[in-house]
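A.B. asks: For the sequence shown, the numbering used here gives the first residue as 24, with consecutive numbering after it.
One or more hints might be untrue.
As the list claims (entries may be wrong) - Simulated restraints on C-beta separations:
id, residue 1, residue 2, range
1, 136, 55, 31 to 37 angstroms
2, 120, 62, 49 to 55 angstroms
3, 88, 33, 17 to 23 angstroms
Simulated from the structure, these hints should not be mistaken for lab results. Cβ atoms here follow ideal geometry from the backbone N, Cα and C, with glycine treated the same way.
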Amino acid sequence: MAVTRDVTGGDLYSLWRVANITLPTVEKVFADQSNVVHECSSADEDKFGRCHSEWARICLSLEIALSYNAVMLKSASVGLTFAVSEFAFTDGETSAQITSAGQELIDILSDPNLHDPDDNLTGDERPGPPSDPDVPEDH
């Protein structure tokens, strides 16, 4: 798919927010849950009885999956940061030069009316609380 218009500082800012706010927020959820699951796999045969070894195996699989997702989200964040940098700067003959979109991004990040450095996810960006799966009543 070809880009049909010039990239703007606003476009770069949207990507910057995803790379620096959205993805790290979701990454933290996966990493935190991986740590919680890690605590579940500790030996507690009094609690789980004979099924503890199977329970520990399930916990380990879940921990690995959660950790993997956290790492992939971090990788995506790094990739987006690289993409923003590529659009913001161009290699000149002797040194990197800023593009007009890059200058717009710097202006946005520098303006407290346009960007709050302590910003968190708001509105539609924030993931909602987990909901219970639809389970049939006879279950």
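A.B. asks: Determine for every hint whether it applies to the structure shown.
C.D. replies: To see whether the hints hold, each was checked on the structure:
no.	hint	verdict
1	136 with 55: 31 to 37 angstroms	holds (33 angstroms)
2	120 with 62: 49 to 55 angstroms	holds (50 angstroms)
3	88 with 33: 17 to 23 angstroms	violated (36 angstroms)
In the structure shown, a violation is registered for the earlier hint numbered 3 alone.
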